[in-house]
Amino acid sequence: MTAITLNVIVQGVLTGLVYGLMALGLSVIFGVMRVVNFAHGEFTVIAMYAAFILFEVLHIDPLIALLPIAAVFFGIGYLLQRTLITPFIGRAEHEQFILLVGLATVIVNGILLIFGPDARPINLPYSFDSYTVGSLFIDKVRVLAAIAALAVAAALFLFFRYTRTGTAIRACADNLTGAGVVGLNVKQLYAVTFGLGLACVGAAGTLMATIADASPGLAQAYTLLAFTIVIVGGLGSMVGALVGGILIGVSEALAGFYIQPSMKSMFSFALLIIVLVLRPQGLLGRRL
Amino acid sequence: MSGLWHNAGWHGKAIALLLLLAFLAAPLVSDRYLLSVLILVFYFAYLGQAWNLLMGFAGQLSLGHALYLGLGAYTATALWTLFGIGPWIGVFIAIPVAAAAGMFVGWLGWRFAIEGVYFALLTIAFAEFTRIGFDHLQITGASGGLFLSVNGPGADKWWNLGGGPLLYYYLSLILAVGATFLVARLRQSSLGYRWLAVRENPEAAQAVGINIFRARMIAMLISSSMTAVGGVFYGFYYRNLFPSQVFDISRSIELILAPIIGGLGTIFGPVVGAIILTPLGESLTGLMEAFGINAPGAKLIFYGIVLMIIISLRPDGVWPWLARHLKLDGARK
Amino acid sequence: MSFDHRKLSRRSVLAGTAAGAVLLGAPAIVRAQTKALKIAVLLPQSGYLAQAGQSCHRGALVAPSVLSDFGHQVELIHIDMESNPDVARTQTERAINEGAQCIVGAFDSAGTLAIAQVCEQRQVPLIVNIGAAPQLTEQGYKFLVRNFPTGGMLVKNGLHQIQALIDATKIAPKTAVFLHANDNFGMAQRKGMDALFPTAGLPFKLLESIAYDPKAQDLSVEVTKIRGLNPDLLLVVTRAADAIKLVRDTVRQKFQPMGIISPGAPGLYDEEFYKALGPLADYHIDALPWANPKSKVTQALEAAFKKQQPNYRFAVECFNVGFTFDALLIAADAFKRAGTATGPELMKALMATNLVDHTMIGPPIKFDAKGQNVDIPSGCVQNRAQTPTVVLPAEVATMTPVLPMPPWQGRT
Amino acid sequence: MTALLSVRDLSKHFRGLAAVSHVSFDVNPGEIFAIIGPNGAGKTTLFNMIAGAMAPNGGTITFAGEHIEGLRSDQVAQRGIGRTFQVVKPFPALTVEDNVVVGALMRTNALGEARKVAHEVLTQLDLIGKRDQLASSLTLPDRKRLEVARALATRPQLLLLDEVMAGLRPTETDRIVSILRDLNRSGLTILLIEHVMRAVTALASRILVLHHGAAIAEGTPDDVLRNPAVIESYLGAEAL
Amino acid sequence: MLRVENISVFYGDAQALDDVSLSVDEGAIVAIVGANGAGKTSLIRTIAGMHRPASGRILFRDTDIAGLSSHQVCNLGVGQVAEGRQIFPSLTVSENLDMGAMLPRARAKREQNRERVLAMFPRLKERIAQAAGTLSGGEQQMLAIGRCLMGEPSLIMFDEPSLGLAPTIVHDVLKTIRDLNAAGITCVLVEQNVAVSLKIASQAYVLENGRVTLSGTGAELLADERVRQAYLGI
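Protein chains in written order, with the working numbering: chain U, 1 to 288; chain P, 1 to 333; chain F, 1 to 412; chain X, 1 to 240; chain B, 1 to 234.
If you are wondering where the hints come from, they were derived from the structure by calculation, not from laboratory data. Just so you know, these numbers come straight off a predicted model, no measurement behind them. Be a bit skeptical, because a hint or two may be false.
Once the Cα atoms are required to be at most 30 Å apart in a straight line, the calculated DSSO-like pairs of lysine-lysine come out as [stated by the list, open to error]:
no., chain 1, residue 1, chain 2, residue 2
1, B, K109, U, K187
2, F, K205, F, K254
3, F, K205, F, K170
4, F, K370, P, K157
5, F, K142, P, K157
6, P, K327, X, K130
7, P, K157, F, K348
8, X, K116, P, K13
9, F, K370, F, K191
10, F, K336, F, K296
Pairwise CB distance ranges, derived in the manner of DEER restraints [stated by the list, open to error]:
no., chain 1, residue 1, chain 2, residue 2, range
11, B, Q130, U, P87, 58 to 64 Å
12, P, I305, B, S55, 34 to 40 Å
13, F, Q123, P, L19, 40 to 46 Å
One side of the interface only, derived from the structure: several residues of chain U facing chain F at Cβ under 7 Å [as the list claims (entries may be wrong)]:
no., residue
14, E56
15, A71
16, F74
17, A119
18, A212
19, S215
20, F257
We put the CB at the ideal spot given by N, CA and C, even for glycine.
All chains, full assembly: derive it from the sequences and hints.
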């Protein structure tokens with residue numbers, strides 16, 4: 001393997017991890033509540049703008065801004081679930097779809113109205129740095145973002161695995177009737193879950209802001225990307241989201257490098273179709 | 001439709017007749033702006049009927065109907081620009097092309113038991129895949145677009161769909177009314193009953209001898225064919241096509257709004273939805289201008305809010321509610 | 001057929017229709033014959049082309065006062081076509097109903113052609129401010145003129161400018177890579193490139209043309225690919241956000257070409273490009289039509305722009321603002337000569353345009369039989385101190401070009 | 001007399017757990033055959049295999065001389081086996097009449113004829129008065145009858161009934177019993193799973209008892225109900 | 001202790017319970033018998049707060065709990081061993097038990113109760129780290145009961161606890177119920193196994209089509225000809 005191919009793969013992995021974190025939020029929300037968040041990319045973009053504002057106004061590095069933004073997004077998700085989404089739990093998919101498409105439209109155009117159409121960059125002092133490893137050039141921001149993404153994902157894993165609230169959320173996903181039987185406060189747990197899903201998105205969006213520039217037009221592409229990743233990885237599977245992110249990151253990178261960059265998303269969609277047909281639960285998912 | 005007609009009360013009949021007469025006579029009294037809005041209303045009502053057949057009747061959620069729209073549009077316009085084959089012939093080639101794509105998507109999905117959200121995502125994936133494919137298809141101009149001339153030989157003749165708004169007005173009206181009749185007819189056929197059974201409970205449907213795979217495939221066949229015709233209309237009405245426009249997911253989304261808002265699985269839902277949504281967008285534009293607001297995006301914010309409100313308050317759509325209030329029979333139809 | 005003789009006011013029609021149009025409350029504007037030409041400016045102020053559309057819109061906002069200083073009376077109707085052809089079409093109909101006698105728009109080809117349908121049928125002239133698809137003037141529209149180069153013209157003029165740059169800076173590039181967005185604008189440029197480069201006689205070899213998906217979120221792989229090819233020059237056709245990603249990844253991957261040159265695409269001179277890249281935004285070159293700093297029209301426009309749009313830099317916006325203004329100027333000029341706003345008369349006057357004083361660099365504006373202005377030369381604009389600066393042709397240049405560009409290192 | 005339905009050595013296991021193991025029996029034309037057994041004995045699994053809703057892991061099912069194991073349920077239905085579901089599965093958004101019309105459409109594409117069949121069947125099952133109600137608004141006993149009506153409308157040779165009497169009052173049970181007896185007299189063969197012993201003893205000519213997936217007894221109602229193993233498994237040891 | 005007064009419950013348009021009343025005394029075992037679909041599970045779930053009755057009152061220790069949500073009802077001490085056991089299959093046995101003690105009333109005594117439950121069901125202790133879905137039916141039933149006990153209930157409603165279990169295990173389960181009752185927990189027992197449940201019940205109700213058609217002591221009903229005929233066929 002040539003060094004340059006290796007370079008392409010490494011880039012794919014690093015970017016894929018951040019995408020994976022974004023997809024993780026989608027996966028958590030669906031895995032527990034069966035709500036497909038069609039406004040996912042829009043929330044990601046809001047987080048990018050939040051990171052931009054914190055950086056411009058208070059000069060906070062996104063790697064630090066991650067925590068407050070994730071916290072605020074948790075709150076937004078919690079409230080959103082309690083108010084807007086709850087009546088739609090268990091309703092038909094197309095009804096959820098219209099609700100969230102409506103929400104997405106409001107968000108995108110709200111951003112356009114407030115911030116205008118120009119892309120908003122975060123100019124970190126190390127924006128242009130890269131590590132040289134042998135003949136490889138690896139961007140510093142991507143490395144940092146990937147590490148942060150892994151850390152956030154790990155924190156989420158630990159939460160679900162080792163805390164009682166996390167276990168209770170898994171219990172709701174496992175057997176909703178059972179959750180009612182033992183008296184779990186399902187509504188509250190759902191709100192926590194939506195909060196956590198959005199916190200993931202908040203963190204991912206903040207990291208994304210170091211890689212790409214915030215602009216309202218990104219949202220739909222991110223929603224599609226997140227969907228592709230979670231389906232490939234396994235909707236509802238946490239590891240699946242990260243693995244799917246890496247897989248999509250690397251396959252797009254390789255296809256872009258060896259075939260034609262403008263065709264690279266075609267390979268993600270082809271991958272998506274193949275996975276849906278051969279293993280609809282996704283590579284690491286259980287049949288839902 | 002005959003059953004529907006008989007079931008409708010006298011005022012239901014009266015309303016239907018009056019509406020139809022009003023639409024037929026509209027060009028006599030209305031200005032061109034209103035006509036252009038009505039063309040969009042009928043166009044979306046038509047596409048809504050096509051989509052509703054698959055979703056509302058056969059219960060399968062497709063978020064990738066832009067695929068059939070785009071294939072229909074591209075096939076007919078490419079035949080016209082490249083080979084001089086007119087749209088009235090082209091449409092009969094566009095239909096099988098789009099239908100074949102639809103059957104493939106359906107076959108892949110339902111043979112492998114992909115349903116619900118997963119099927120929806122499969123349809124998105126195919127539409128996006130095709131969009132990028134057409135971005136690279138040199139014969140149709142790739143991402144640079146496909147253009148129809150307005151003054152080539154025969155380009156201005158009605159049989160080549162060249163002409164003014166009247167042609168397109170009546171064409172879209174015929175499409176919308178025809179689709180409504182067709183859907184009503186299908187609903188009252190054995191096929192329609194089978195679709196509803198499959199939608200309501202696939203397992204029970206199978207137990208009364210319905211081949212659910214075949215029933216869904218037929219729904220897909222008709223739905224994608226109808227959508228392809230809409231695509232031909234679109235291609236000739238706008239006279240230019242870009243993959244990034246016609247295959248885009250936002251096309252798929254905009255064509256499903258009317259049937260859902262109007263009432264899924266009902267015959268008049270897609271029509272009512274289109275009558276609400278398109279003028280809603282237009283009137284928001286008008287209102288903002290009247291108040292002297294130039295805030296790009298504000299209109300769509302309101303539009304999004306209205307969508308959320310309607311789906312929260314009338315999850316079954318506006319038409320069943322409306323029909324109850326107007327005391328029209330067949331509210332569920 | 002014409003509907004004018006039996007047209008009712010929009011409001012009464014709507015009231016009489018069951019189309020759920022109760023909300024439609026825009027005041028019916030009385031069609032009074034004034035001395036001002038009524039122009040509808042349709043631009044994508046929201047949607048995916050919002051960035052360029054709003055920039056053009058600022059040009060339209062400044063225009064009336066400047067035009068009035070030159071003795072032209074125009075009244076503008078500003079319409080957001082939402083990057084959506086459906087909206088473009090219905091809103092054009094509405095604008096004409098409200099008395100628009102001429103349309104200017106619409107940056108994007110799909111929207112422009114949707115408008116062209118209506119203009120053709122209603123015999124209202126459409127002046128394309130920006131829109132590079134060659135087909136716009138090839139489809140036989142009789143009520144359409146375009147004061148903007150086609151993709152092919154842009155490339156042709158761009159390649160000339162590159163030759164001029166090589167001559168002026170005495171660099172000797174041997175290889176180049178062409179990178180373009182795979183959208184309708186990028187494809188128009190690509191076709192021009194494929195057709196013209198082989199015969200342009202440039203001293204370097206084109207190693208590869210790489211298309212990227214404008215919806216893709218990342219250009220690092222594309223840059224890695226380019227680094228592998230190691231060209232001396234990088235020729236790019238981008239949109240603003242992509243240009244930023246491109247330069248960022250080029251710097252990170254420590255790839256140092258002699259120059260990054262665009263044969264006429266937006267991106268390298270947008271405000272967001274400067275904001276994102278700072279000193280790294282400097283020395284990139286765009287070969288494209290540009291505002292002529294020595295024209296009195298440009299100077300007047302600039303002065304008015306500075307006053308009215310203090311948050312924006314004219315130097316950065318002058319491409320979108322200038323072309324939009326010139327389109328309006330062309331309309332006003334034709335109106336003055338025609339003495340009437342009737343469509344066919346106005347169109348006749350438009351076709352006879354011979355406008356010496358205008359914003360953009362170039363000879364008097366004229367249209368060929370297809371309605372295309374075939375003589376819109378490009379200049380070379382180099383980013384200097386994060387300001388686009390004309391460096392070629394010499395007669396309008398305010399600085400001399402610098403190539404090869406200084407290395408990335410030490411710029412941040 | 002050759003059997004109408006002949007089940008041989010039929011087995012089904014889920015993740016190693018034998019739900020049905022090596023069950024064999026024959027249903028003769030014109031008889032009413034009952035399968036009883038405690039909850040979880042494998043009756044519904046057995047039913048689902050016969051009706052084509054599940055593929056068996058081993059064994060054969062022969063209907064009217066033709067092997068039907070492994071066929072899809074719509075193919076089985078087409079061959080003349082109608083069924084009901086233990087957990088009722090009506091088409092909730094359709095009217096009672098339309099539910100039955102869907103069944104009748106298996107034998108005809110003509111809607112008018114299907115409606116006629118639906119009318120007959122609905123009259124037979126005493127549902128004709130509720131024909132315009134939505135199926136979702138019916139009470140459970142009515143839904144159970146609706147299931148029978150829908151299955152009957154397909155004009156089956158063999159009718160599989162999965163606990164249609166459950167939840168009915170004794171008078172309603174008697175009504176169904178007499179309806180089923182009439183149907184049987186007119187030539188319909190019936191295979192039923194039932195808990196309501198009063199109905200089973202009144203109807204069945206023969207009974208098969210399943211326990212933990214295996215057949216533990218087969219014979220006339222009298223024989224079977226006197227069998228101590230049956231009483232123990234079915235009514236519970238402490239009932240004795 | 002628990003009084004259900006004239007409740008009616010609808011699912012969509014269909015009525016599941018029609019004017020049902022019953023009462024459960026402190027320390028009793030009350031049996032509710034009836035065929036599939038008679039409304040037994042609906043009754044249990046309505047009491048547990050998982051469905052809202054359209055009308056009627058449910059008094060638990062003289063507070064009206066109709067309209068409270070299930071976690072509030074549970075927290076008052078109304079436990080439930082649901083039909084089909086309703087354990088969390090992908091969670092471990094230990095996590096399943098923990099989920100029973102998420103209620104505020106049970107948190108403090110979590111460890112104590114855990115010890116008690118594991119002592120009561122040693123099989124669960126052996127499998128404490130195993131995913132609950134891998135347990136046998138009988139073990140799952142033990143887990144469901146154990147999980148319920150973790151919530152410190154003073155009343156437990158058992159919904160078909162013997163369903164799908166081998167006779168010997170049914171025996172164990174019934175013995176457990178008696179033991180729990182002896183330890184002071186009031187029990188409501190819903191069973192298809194009519195003979196058995198009537199035998200251990202102090203009071204019993206027969207539910208048909210969403211209505212209470214008969215009630216009396218267990219022994220009375222066991223002797224009642226109508227019950228024998230309808231449910232035992234003898």
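Cross-check of the supplied hints:
{"no.": "1", "hint": "K109/B x K187/U", "result": "25 Å, holds"}
{"no.": "2", "hint": "K205/F x K254/F", "result": "22 Å, holds"}
{"no.": "3", "hint": "K205/F x K170/F", "result": "17 Å, holds"}
{"no.": "4", "hint": "K370/F x K157/P", "result": "21 Å, holds"}
{"no.": "5", "hint": "K142/F x K157/P", "result": "17 Å, holds"}
{"no.": "6", "hint": "K327/P x K130/X", "result": "21 Å, holds"}
{"no.": "7", "hint": "K157/P x K348/F", "result": "25 Å, holds"}
{"no.": "8", "hint": "K116/X x K13/P", "result": "27 Å, holds"}
{"no.": "9", "hint": "K370/F x K191/F", "result": "20 Å, holds"}
{"no.": "10", "hint": "K336/F x K296/F", "result": "20 Å, holds"}
{"no.": "11", "hint": "Q130/B x P87/U: 58 to 64 Å", "result": "38 Å, violated"}
{"no.": "12", "hint": "I305/P x S55/B: 34 to 40 Å", "result": "37 Å, holds"}
{"no.": "13", "hint": "Q123/F x L19/P: 40 to 46 Å", "result": "33 Å, violated"}
{"no.": "14", "hint": "E56", "result": "10 Å, violated"}
{"no.": "15", "hint": "A71", "result": "26 Å, violated"}
{"no.": "16", "hint": "F74", "result": "25 Å, violated"}
{"no.": "17", "hint": "A119", "result": "4 Å, holds"}
{"no.": "18", "hint": "A212", "result": "6 Å, holds"}
{"no.": "19", "hint": "S215", "result": "6 Å, holds"}
{"no.": "20", "hint": "F257", "result": "5 Å, holds"}
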